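The listed protein sequences correspond, in order, to chains G and E.
Oh and the first sequence: position 87 is 87 in this note's numbering, straight run, nothing missing.
Oh and the second sequence: position 65 is 1065 in this note's numbering, straight run, nothing missing.
No wet-lab data here; the hints were simulated from the structure.
All values derive from a computational prediction rather than experimental measurement.
Be careful, since some hints might not be right.
[Said to hold, decoys possible] Using 25 Å as the maximum straight-line C-alpha spacing, the simulated BS3-like pairs for lysine-lysine come out as follows:
no.: 1; chain 1: E; residue 1: K1142; chain 2: G; residue 2: K145
no.: 2; chain 1: E; residue 1: K1206; chain 2: E; residue 2: K1075
no.: 3; chain 1: E; residue 1: K1206; chain 2: E; residue 2: K1076
no.: 4; chain 1: E; residue 1: K1206; chain 2: E; residue 2: K1190
no.: 5; chain 1: G; residue 1: K73; chain 2: G; residue 2: K145
no.: 6; chain 1: E; residue 1: K1190; chain 2: E; residue 2: K1212
no.: 7; chain 1: G; residue 1: K145; chain 2: G; residue 2: K68
no.: 8; chain 1: G; residue 1: K73; chain 2: E; residue 2: K1142
no.: 9; chain 1: G; residue 1: K68; chain 2: E; residue 2: K1142
Below are the chains, spelled out letter by letter.
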Amino acid sequence: MTIDTVTLFFALLAVALQVAVALTAMACIVPSARRVIVGTLGPVALGLAAAVAIGAMAGSLYLSEVAKFTPCKLCWYQRIAMYPSAILLVIAAFRGDGTVRRHVVPLVSIGAIVSSYHVLLERFPTLESGTCDPTNPCSLIWFQKFGYVTIPVIALTAFVVIVGLLGIHRVGSDLTHQPKAGYP
Amino acid sequence: MSTISPAPGVSRRSIVLIGVAVAAVAVIGLVAALITGNNDKSVATAATVEMGTVAVTGAALADLPETGTDPAIGKKAPAIVGQTFDGSVQRITPGSGPMVVLFVAHWCPHCQREVPRITDWVKAGLANGVALQAVATGTDAKLPNYPPSSWLEGEGWTIPTLADDGETSAAAAYGLTSFPYFVALDSSGKVTARTSGELTEDQFTKLLATTKS
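Chain E on its own, in the form it takes in the complex (with noise of 0.2 Å):
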């Protein structure tokens, strides 16, 4: 059976040290407030409109499921109208041709890590004759990141980009459950294919591929 000993004596040194490492956090309290406080934080401009209006037209897809066959694929997909980060009207308008259209969260690890890929995918003409139309959706102020705008723009994004707005009308429009999320549309505007999650080149192109099927 264990018993409870009494604290061994406190040395001298001892109370030395604890004065040693208070003053220490009182420093890099210290420090801390220093560092910050002339730090200039970077904001978006004022004219960049972050989250836009956005009006949907047409029967919103289902939400894409986690395994089996997508109640989807076949339908027609909503048009969307909005703003892109300028503030100027950017439509997704499905029977336009063939489309495949993106859904990004600037917070989302993932997504930070396929946007510089599609980048590199679209200056190398993987596209090919299909439209791309993006998403910058879940955006919060609060997460990391932000904001979107700054973010695509370092990243040399050239996809055409609508700003959802705080209720991700879009995201939901289009049945996103997670991100990236992908919804590929034929030439007549319908559904052939939707993914999400880190796409393989080969993966993308396959996607691409479904559009003209």
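Isolated chain G (complex conformation) (with noise of 0.2 Å):
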């Protein structure tokens, strides 16, 4: 397997994740629709957000060490975000403890905050400085695929749906939880 081969893999990964994100947000405006998808995908959305999330770091791993794209500091910076709330997910999801958002979503955001920089300064190198650092400068773009997927874009990609699943699992957790009509 090549490496144009995986990267596209990931793209392609990242742009289905991108319309699922979509649809599911869209439908979450039907008050019925909100319901069948926080059923559906509330009991599963721990164990969902932690494959993700090992997906993301793998891929990561795939990157730096097999098809050698050397890391930039930004790289770095969305690593210590991801790498530590996948193996929280992965406890979390066998455990069933939904709490694990807590330590989770702070650090999945400030990633896809770091994430979008990191997209900002791919589209706008001048943001980071007017020169390229002969090392490793993270306006650098590894590869591109559909004119806009790259690697900080399937980060963010993944930071979102880590946000988006921890969400749905807690409203999910919420209605469980709720006590029934004619309860005192």
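Hints are included, so try docking the two chains, each in its own frame, into the full complex.
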């Protein structure tokens, strides 16, 4: 399997997740659809969030260790947000511990902010500086698919999906633990 | 104090959802393999020299400082003999007239933005008696926008270009610390100005003017 195949795979996955996020967000506007989404996704949201985080971590390790794409400073900041989240989410998924969102949501939110800035930097390199560091500038685009999917775009997608899944899990938990009508 | 609540029961619909997600990932993997399997990768032709052999004669210039006075101003720049992308000999000979030597890297986003501008300025006759020489340096096949020969050709680049070697000897001899990099030399081969980063037309014009001062 070539590096080009794997990077295209990552990019397609990111696009699929972006479409899923957009459709889910739109469907959530309708209360009946929201109930179905929460009822379906809620019980498995922690597991799915863990899978996304593990996938993102494995993907970033592939890019640096196999494809030999040297991570830049901002890549490292995003790794710092994603890697602990992946471990926390896996443990939480096995324990069914929804309280993990208190630790993971801040982490992945910071990661999403860094990813957003990294995407901006790729589009507008002069935000960082007017020159390229010969070693490894953050504005370097290692690959770009479909005209916009780059490494930080994939990372941003993963961060947003994790936040969304944890949100759905929370709503699902709240509904499950709501007192039924007629209870004192 | 919060308590850990057990995960709510997973419904049949949730299990179907997981199955669909796993299947979607597998299909996406298959599509990626099929698409890339049918792609012909464009590569440099065998005759193209992306990294040449470089010989430097003369003392290397000090690295361009980030701030403060440039210690290389007034110093004689070293001569370089190397190869163009087609393998023919390319010489950068300070002292042969007013000259600006440009250093670009194929993967550098700033170079990718600056090269089309310089191409336009050259076409508009901005150089006007100042010889322009380029060095394609920092070349690395695993970095984006490789090979530099195809990139520059695609941009309509007409400036004679030397392909730096794997150790970036030419760039090091001229004190490069970042890309894109410009070194202006007067007719005696002495450095009149050095700068790095994207230049505006006005800045480029001023740089050219220093070679004649």
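A quick look at each hint next to the structure:
1. E:K1142 <-> G:K145: holds (17 Å)
2. E:K1206 <-> E:K1075: Holds. K1206 (chain E) to K1075 (chain E) sits at ~20 Å (cutoff 25 Å).
3. E:K1206 <-> E:K1076: holds (20 Å)
4. E:K1206 <-> E:K1190: Between K1206 (chain E) and K1190 (chain E) the Cα gap is close to 17 Å, so the pair holds against 25 Å.
5. G:K73 <-> G:K145: Since the Cα atoms of K73 (chain G) and K145 (chain G) sit roughly 22 Å apart, the hinted pair holds (cutoff 25 Å).
6. E:K1190 <-> E:K1212: This hinted pair holds, its Cα atoms lying about 11 Å apart.
7. G:K145 <-> G:K68: holds (18 Å)
8. G:K73 <-> E:K1142: holds (19 Å)
9. G:K68 <-> E:K1142: holds (8 Å)
Hint compliance for this structure: no hint is broken.
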